[in-house]
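These protein sequence lines map, in sequence, to chains D and F. Here the numbering used here is used: the first residue of the first sequence is 1, the next is one more, and so on. Here the numbering used here is used: the first residue of the second sequence is 1001, the next is one more, and so on.
No lab work stands behind these hints: they were computed from the structure. What you are looking at is a predicted structure, and each value in this text was computed from that prediction instead of being measured. Beta carbons are placed, not taken as given, at the ideal position from N, Cα and C, and that holds for glycine. Any given hint could be a false lead.
[Said to hold, decoys possible] Just a few of them, taken from the derived set where beta-carbon distance is under 10 Å, the chain F residues facing chain D:
1) Ala1063
2) Leu1088
3) Leu1089
4) Trp1091
5) Leu1100
6) Ala1163
7) Arg1166
8) Arg1168
[Said to hold, decoys possible] Partner residues aside, some chain F positions facing chain D, computed with beta carbon under 8 Å:
9) Gln1078
10) Arg1087
11) Gly1101
12) Leu1236
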Amino acid sequence: MADLTEDLNTPRPLASATARPLALPGGERGLALLSWAVPLFLVLIWELAARAGWLSPQVLPAPSKVAQTAWALIGQGRLLSDLGASLLRAAAGFAIGGSLGFVLGTAVGFSRLAEALLDRSVQMVRAIPFLALLPLVIVWFGVDEGGKVFLVALGVLFPIYINTVLGIRQVDPKLIELGRVTGLGPWALVRRIVLPGALPSILAGVRYALAVAWLALVIAETLATTTGIGYLAMDAREFLRTDVIVLTIVIYALIGVASDAVARALERRQLAWHPNYAARRSA
Amino acid sequence: MSTQNPQNTSPQAETAVQVQGLVRRYGERVVLPQLSLSIARGEFVVLLGESGCGKTTLLRALAGLDAIDAGRIDGPRQPAVVFQEPRLLPWDPLWRNVCLGLDDARGRPLAEAALVEVGLQGRSEDWPRNLSGGQAQRVALARALVREPRLLLLDEPFAALDALTRLRMHGLVRELVERHRPGVLLVTHDVDEAIALAHRVLVMRDGVIAAEHAVSAAARGHRAHPEAVDLRERLLAELGVETEAAPPAAWGPAARAA
Chain D
1 MADLTEDLNT
11 PRPLASATAR
21 PLALPGGERG
31 LALLSWAVPL
41 FLVLIWELAA
51 RAGWLSPQVL
61 PAPSKVAQTA
71 WALIGQGRLL
81 SDLGASLLRA
91 AAGFAIGGSL
101 GFVLGTAVGF
111 SRLAEALLDR
121 SVQMVRAIPF
131 LALLPLVIVW
141 FGVDEGGKVF
151 LVALGVLFPI
161 YINTVLGIRQ
171 VDPKLIELGR
181 VTGLGPWALV
191 RRIVLPGALP
201 SILAGVRYAL
211 AVAWLALVIA
221 ETLATTTGIG
231 YLAMDAREFL
241 RTDVIVLTIV
251 IYALIGVASD
261 AVARALERRQ
271 LAWHPNYAAR
281 RSA
Chain F
1001 MSTQNPQNTS
1011 PQAETAVQVQ
1021 GLVRRYGERV
1031 VLPQLSLSIA
1041 RGEFVVLLGE
1051 SGCGKTTLLR
1061 ALAGLDAIDA
1071 GRIDGPRQPA
1081 VVFQEPRLLP
1091 WDPLWRNVCL
1101 GLDDARGRPL
1111 AEAALVEVGL
1121 QGRSEDWPRN
1131 LSGGQAQRVA
1141 LARALVREPR
1151 LLLLDEPFAA
1161 LDALTRLRMH
1171 GLVRELVERH
1181 RPGVLLVTHD
1191 VDEAIALAHR
1201 VLVMRDGVIA
1211 AEHAVSAAAR
1221 GHRAHPEAVD
1231 LRERLLAELG
1241 VETEAAPPAA
1251 WGPAARAA
């Protein structure tokens, strides 16, 4: 894939010239390093401010203190098991909501009948901010795992649904016609033309859904729980352990970054053919 | 092949497609009132006409893309079609585009061979986005020919290409048709293209074949040949285009512009 994208860049001097109006000595690599330098610098300032005593440890503990806390919690075996519990909830919710959204989206994307039957109802449920269902979810599921998984699934369902419908609708009808002319059966038509054509849109939905999944999880885990990153935060609040609270926030952020990276890698792999994704590999 | 006059050999020539009394309506409007046509294998028929005269309607009916209202078409259920746009699947490498509709394992060697035939050797793993318009249309031709069709339908396949690429494509398509010998129906509004490629030119007006000309082997593909020049004038006249009365050589381009 790498050499293909390289090939792509060579015949387009104009595009790269407009994309880089300012020539820096380090080139692309220099820019990438620079983009990391700024957040590192901010963390450094934070550390210095905390050590100098400008920041009260009650308000914002030093990054080094947060790292120590993380190490200690890992030592106690708590951090990893809580992280595991959270990841499991997210994965289960994402799998359930994602597959439901995909199946509904595929049906509605293909069939006017399915659209008439389903789309309005789905759109009406979508209009509810899913977090507004929280009290109801507690009544239905109590404070068990079920409620948390349900909330994540609900949050994930709509972005996947909408992007799947959109992706299928946007497939070029001329390519469908080509499929008919080359004698593809209905299943081959879907597999060779419709789904690949809808994939960019579906993957954009996946990326958005991952962000929603974490948001849903943060909220769900602040309910009475005894495991999970959210529980760690709630527990720490009781004892005013700001270091642990900051740690949980950092963990949520890292998970978000990691899941986004996974989604991007998936896009780059699956959409290697797509000019937009191939050209954007340094982004 | 080039010396063969398909009309003389029609008794023993295998028929690629036979159309009888074809009628096609869009609501109240009758696009094809009553059309009959026969194309032999190896014969290159060009259907010439203005936009909206019904030529694409005929081609789509032959391709099985549109239903017909009356009449019958005796021909392959699955003719190969090349459209004006290459219509390559951007997510498949070239070889997979070429053998679309065939089994991958069986089709791949055929696709590789077809790509070599259209002058794209070594590109089979490439993505369609890296191709020029002419190259993409070559892939579309390879995709059409890889299934060794009895009937090849070309719907203004070179209209979107620049003039030089178009001339090169004419040479290529003539060569490919001679080798694979499908019956060909090419739809165009380009008179020069018709003379360059056709064994037989049909002029269509309002859904009716208004005129028919055989192109001799000498005139075919030789635009300066007196017969070709003469045919060009006649075709333009039949299409209702006013042509210059005097031979163009006597007039300068400046005189014509004035």
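Q: Just pull the numbers of the violated hints for me, sorted ascending.
A: 6, 7, 8, 12
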